[in-house]
Structures are given as C-alpha cells and as structure tokens.
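Let's have the full structure, built from the sequences with the hints guiding it.
Protein chains in written order, with the working numbering: chain A, 1 to 175; chain B, 1 to 617.
Hint data in this document are derived by calculation from the structure and do not stem from the laboratory. Be aware that one or more of the hints could be misleading.
Beyond 12 angstroms from chain A on every Cβ pair, some chain B residues (computed) [claimed, not checked]:
1) A34
2) Q275
3) G329
4) G485
If you only want the chain A side, here are some residues facing chain B, beta carbon under 7 angstroms, derived [unchecked claim]:
5) A29
6) S42
7) G46
8) A48
9) D171
If you want the footprint, here are the derived chain A segments under chain B, 3+ residues with CB under 8 angstroms [stated by the list, open to error]:
10) 34–40
11) 51–57
12) 66–80
Just so it is clear, CB atoms sit at the ideal spot from N, CA and C, and this is done for glycine as well.
What follows is each chain in one-letter form.
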Amino acid sequence: MNPGTCSDRQIFMVGLGGQGILLLARALAVWAATTGREVITSETHGMAMRGGTVTASLKVGRYAGPLIPPGAADVLIGLDEQEALTHLPMLRQGGISVVNAATDTGTFSHVVDAAGVARSLGAPGSINMIMLGIAAQVLGIDRADMEKIVEELSPARAKRANLKALQAGFDCGAQ
Amino acid sequence: MSTHTRASAATGKHGKKAPEILLGNEAIAHGILAGGANVVTSYPGTPASEVCTTAMSLASQRNLPVHVEWSINEKTAVEVAFTNSITGRRSAAIMKQVGLNVASDPVISAAYMGVTGGLLLVVADDPGPHSSQTEQDTRLFAVHAKVPVLDPMSPREALEMTMQAFEFSERYKTPVILRPTTRVCHARQLVEPPDIKPLDRRPDFRKDPSRWAATPGPRLVLHRELNAKLREIEKHPWARPRLVHGSGNTDLAVVSSGVACAYLLDVVAELGRRQDLSIYKIDMPFPLDEHALSSLTERHSRVLVVEETEPVIEMRFINRERVSGRMDGTVPDAGELTPDVVARVLEEFTGARAPERTMVSAKQRRPSLCAGCSHRAAFYAVKRALPGGIYASDIGCYTLGLNLGGVDTCLCMGAAVSQAAGFFHAFKDAPAPPPIAAIIGDSTFFHAGIPPTINAMVTGARFVLVVLDNATTAMTGHQPTPATGGMTNDFSGRTLSLEEAIAGCGVKTIRVHDPYDVTGFADVVRQAYARTETEGVTAVIARHPCIRDRRVLQAQTRYAMRITEDCTGCGLCVREFECPAISVMDKRARIDASLCVGCGVCVQVCPVKAIAAEVES
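Next up, the structure:
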C-alpha cells in the first residue's frame, strides 16, 4: 500500500469479544492516517464485547460512511476462524483474507495459527497483535512504523507484551 | 484514557492542531469542552458512554475549571445541567436514547422554561438495536418535547455541531439536542481537535418565579413563547435542506439525515450515479422549514427520504404524493439502515440495479457472561435456592444471565424490583405461588431501583432483592457507582454503600455474601426468602468485584482446573452454569484453558464431583 499510488481501500476485521480487535483496528487506522488520506472506521462496543461477534471496519480514501457493504471489502482480517467463515461474504471478489486458524483448509488466502504462536509466547491473549503483524506484512506496512504506532497506542503495562507479539506476527507473516 | 496518536504525515496547516483520529464520542467530548461547558453530566449507556469518560479525563488531565459528573441517573443529570444553564453558564448532559425516557420529565419542562446559558443534551440513538431495548428515534422525541435536534452524519460533523450548539442554544434561549447514532458514536475519523478554553462566566441567577417556578397559568405564557422561538428557529439555515450532492436540477432527489446520508453518498459514488441524482441533507430535523422542504417536490419529480429510525422528516412534507420513504414501504420500517439496505432502497427508487451482493448470514455469536464472572455463580445459586421461582431481572452485563435461565424478565432500568412486586401481587392468591426474586446490578439499583424498593416495602410485596455488586458499571466500560466513589473529575463527594441505601428503603434483613461460595450463597438466599413471609422485602448482596479488572484476577486464588474420569458427560455444567470455558464433546466435559480464569466455581456445580481444582502457584 504505497501511500502515493494507493487506491481507496476497505478493510473488514472480525473476531470475538475479548480478543482485542479494537486495538488492532485502531493501529491500522492510525497507520492509514499517516499516509495522508482520509480515514473512517467503525467499531462494535457494548454487550457483544462479552464474547459475542465483534467487527470493525476501516475505510481509507474518499468515503463518507463508516460501514463496509457486503462484498466490498478488499481485505478481511479474521481473529476467529468460524467468524471469518461467517463473514467471508464481506470480501469482494479477489479480495485478500488473513485468518487465524489451526489448519489451512484452502478457504482463505493467508492462514496462520496465531493462537498457536500466542501460546508459544506464553501470552494466549495476544492473538490480536500477532494478527496485526501478519496483516501489516501482507499489506506491505513498514515494520518500524507499525511498532511505533503499537507502542504509542498500548497502555504502559501492555507495551512490551504487545510489541513482542507484533514482532512474532511480522516474523511468521506472509505464508 | 485513550492516547490520541497524531497522524504525522497529515499535519495541520497554519498553526492549527494536527488532526487526530478520534472516536465520534471523543470528538463530541472535545466539542463540549471547547464549546465552553462548565458543567458536564451523564449516566453511562452504550453507545453514549465514552463522551463523559473522555470529558472527565480531559478535565482532570488539563485541570480544567469544569465540573464533570457521573450522575445517579439521566433525570438527575439533566436537572443538574439545566440548573447550571439558568445561571448563564454552559452545560451538557449526555445519555443514550432510553436514558432520555428517564429524563423526559425535566427535558420537556426545560423546553418551556428555556435557558440563559447554553444547554446541550447529547442523546445517542441505537438503530439496530445493538445494545438497547428499543430503536426509538430521539428526533421524534424532540418533536414531542419541542426541543431543536441536530443530526450529525460523522464524527467530524458531530464535533462542529457540538461547538456551535452552545451559541445556538443561547441565541434562542432553548436546550438543544445533538442526536448521534451508534455509527457516529463508534466511528473514528481524522478531526482537528479544537482549543479548549473554559468559559469564565460568573453564575447569574435572576429570580423569576413566573419562569423558573411557573405554575400552570404562567406555563401557558411559556408555551406560547416556546412556539414563537421555534418559528424563529425555523429560519435558521440548519432547518433547510442542504444540497450535498448533484445539481439540484435533477428529476430524482433524496432527502436524508444522519449517518444514512453518509451511506447514500458512498453508494452513489460506488454506483457511478454522480449526475442524475440530487442529495439533500437536513442538519436539524426539528424544527424544520416545512415550506423549503416541501418545495423539493416542485423542483424534482420524485423525492426519496432516507432517515433513521422514524419518518420524522418524511411526515413533514405538505404533499406526499411524490414522496417515497418509510411511510409507503420503500424504506423498511425497522432495523438499521446499513449501506446494503440503503443501496437496495435506492435501487428500488431509481429502478437501477445495485451491484450483486451476497448477504452475510445474520448468525452472530451470542455474548455470554465472562468466564469467572461472579454473576454466573449468583444466578446459579439463586436457581438452586429458589427452584421453580420467577427471576425478575434488569439491564446490565447480568442480563446475560438469561443464557443460564437466571433471567425471566428484563423490561427497563430498575424494573427488576417493581416487576418482582408485580409478580407477587399477581400470584399471591394463586395456589402454590412461586418464590420471587428481583435480581439487579449495583449501578442499576442506584439508578432506578430505590423508589420501587420503597414502593414494594410500603405496599406489602414479598420477595428477595438480590443485588449483584461487582463494584462497577461493567457493561458500559467500568464507570464508577455511588458505592465506589470517583463520580466526579475532582473526586469530591462521599460514597454511599449499598447496605446504607437498601436499609434506607426500610429493608430489615440485608445479608452480604460472596457468590463464589455457591452453596453458602444459596443458603443465604434461602434464609432471606424465608424471612419475606414476615418482613416483606429482604435483601442479599452478592459481592465479588468484576474480574475484567486484571487486579481483581491477580488478587484472587487461581485454580488449575481438570475434568476427572468420573465425568458422565451429563452437560449440566454447560446447560445450567454456561461458562464459556466449558463445553461437552464426545460425552465428556472439557475446559478450554485459554478461556478459563481458574475461579474454581464450577467445582461446586458438577453433580458427580468430576471437576477437580488445584491451587496454582
């Protein structure tokens, strides 16, 4: 995603409440804003955050509304395999899907066992940052830029763990 | 609270602040403080909660001479804010749409009285609904209350309108409502945060009983005055349709407001229909310049109205022959207007074909009480203590107790208590009346549970009042309660415990127990129920802090959980206890270690003692 030449882009994110999808969405939004283009996002708050389906949308470019219509997302980032499957129709034809799943069934364009990586880091709650690293790599986002953004957005106590998970994501990205 | 990360490449020009990516609610909070509010009040409720959270943290971080409070409920919030505004100072009261129902009494009266200092009511609507009991339209309420209402379509527009609302309010001496919807509140956009310069205004209360203490006679005078104000406001540019797309000379036109207008602009751009359609936005759906609106049917051969959730603009067309919208069924009469719905509606209206869409299945994962949540333990214990009972419950995280059969009713804030009384009176002469419990959260009890508890006590109702005390307003993002303190930006004020409040309602038996001890808690509920025979209402406080606070989890014993060979796969732990960490597969329970927080409560639930717990070091 070269800021100078990039066309408008819509990124749809889905997972379960508690997985930290909002921080992932926010980091990508902040990154998109540094490219000098318009950014509008949408988040799920409230009751769904208690383990229910949580979605987030990021639209970069000349958009007025925050929601992505079905079949229009350029990229789908799935923190949960089942939820990614349910929301796959959000993706446009030829769109890219980056999904956390234990095994690659050939449904998605990029599959990474982020939960497994998180377990090996001893931080099962860090799937969001691992997936951010993977997605950032797929999207061609500069590693140092994203590290800086995550550092700024993370609360003090989570800074180190988030950076570590992000780096693990970058390391195993683009499979 | 949140860090507002700067977009380094998108630096502002001419010394203006660099744009920041702000949540709609954060943008509104910036606008309230930059608009010069001296008093900000709110009761938390999705999708409005982050407005006051942000205002409170900005006020304390920057040490602003502003009073920001989490009020006990929306009625109180409005009354405190309104009163500051009749001393010439500026105020904002923030709530969700159903909170406006609670505050309706002072709001409707305040419209008659007017204000001398700006008064902004931020009322967030929730079409969908995503986190609410109803899809009610605050714009329609505004018509009923005779209060001007602004309908922003984006965080950026919400910020602009908020800033201007105070001067508008003072110019016309009326309260003003800003009505963002969920998709504005919880959207993020690049905005330029305004400078926050608190307004230095001395309070000036000019006694005028015929206004501020008006009896019915002078109220008639005030009503006429209000009508005259509204006629004046109709001349404001906000009251007229604003062309936001197209030439204004097209055959077809769309009139819209709020976020639906943003979707329209996106859909039209996507369909490539840039020339043959005019789109108008209404910034202020009430009061509206009816003639300017109706003249659109003379300029265009057909007009479509797209608005959420009720036909507030549509019904104002003097002649609706050329008008389509909700009233003729072109727009669905319930549910959120998402981009795909807007695209379908536009397709039907224009006869063009919208791009083929595969619909996303509406199958959403249902939310659930967190693993380790003490509410689950309390619900399970109440079911055991009062089998066959009726469990009247209320609004909060604990509404999710319905997943495990612990919630039979949920009407509105505080209704657990009055519904328990209602069930008592319904069943008292029936053969074998069921035991009745009112199950309500701590913040909800303070909000609206106190009057019905007094009412039940003095009208002879008999039931157990179970107050789920997790020491926070958890569902909306952990706001304080009167019992925890910290209700203001300067931490002034004392605290009031639940025990004090319940005792003040006249309840004699008040027991406090940690529901993690399921057996003990069930005993306490049983004993308390037995005493209702002589005492009417008895109370049990289920006290265990919310485990979403990681300090709470760190402070409590953590168990390593294991399913033993004795498991028969009966599924009671899933059916009756419903912990998200437990599932049954192949006739055997499993515990998902990544979800389990090691609370150990499930040990007490298993009928064959097949769940083992060892203290983790």
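Here is how each hint holds up against the structure:
Under the 12 angstroms C-beta cut-off, the non-interface status given to A34 (chain B) relative to chain A holds; the minimum distance is some 21 angstroms. The Cβ of Q275 (chain B) sits about 17 angstroms from the closest Cβ of chain A, beyond the 12 angstroms cut-off, so the non-interface label holds. The claim that G329 (chain B) lies off the interface holds: its Cβ sits roughly 22 angstroms from the closest Cβ of chain A, which is beyond the 12 angstroms cut-off. For G485 (chain B), the condition that its CB be more than 12 angstroms from all CB atoms of chain A holds, with the nearest at approximately 23 angstroms.
A cut of 7 angstroms between beta carbons decides the hint on A29 (chain A): the least distance to chain B is about 5 angstroms, and the hint holds. Interface restraint check: S42 (chain A) against chain B, minimum CB-CB distance 5 angstroms, threshold 7 angstroms, status holds. For the restraint placing G46 (chain A) at the interface with chain B, the shortest Cβ-Cβ distance is roughly 3 angstroms, inside the 7 angstroms limit, so the hint holds. At a threshold of 7 angstroms, the smallest CB-CB gap from A48 (chain A) to chain B is about 5 angstroms, leaving the interface hint in force.
With a least beta-carbon distance of about 21 angstroms to chain B, the hint placing D171 (chain A) at the interface is violated under the 7 angstroms criterion. Taking a C-beta to C-beta cut-off of 8 angstroms, the region 34–40 of chain A contributes 6 residues in contact with chain B, enough for the three needed, and the coverage statement holds. For the region 51–57 of chain A, the assignment as covered by chain B holds, since 3 residues bring a beta-carbon within under 8 angstroms of that chain's beta-carbons and 3 suffice. Chain B is given as covering the region 66–80 of chain A, and this holds because 7 residues of the stretch bring a CB closer than 8 angstroms to a CB of that chain, at least three being needed.
Checked against the numbered hints listed earlier, the structure breaks hint 9 alone; every other hint is satisfied.
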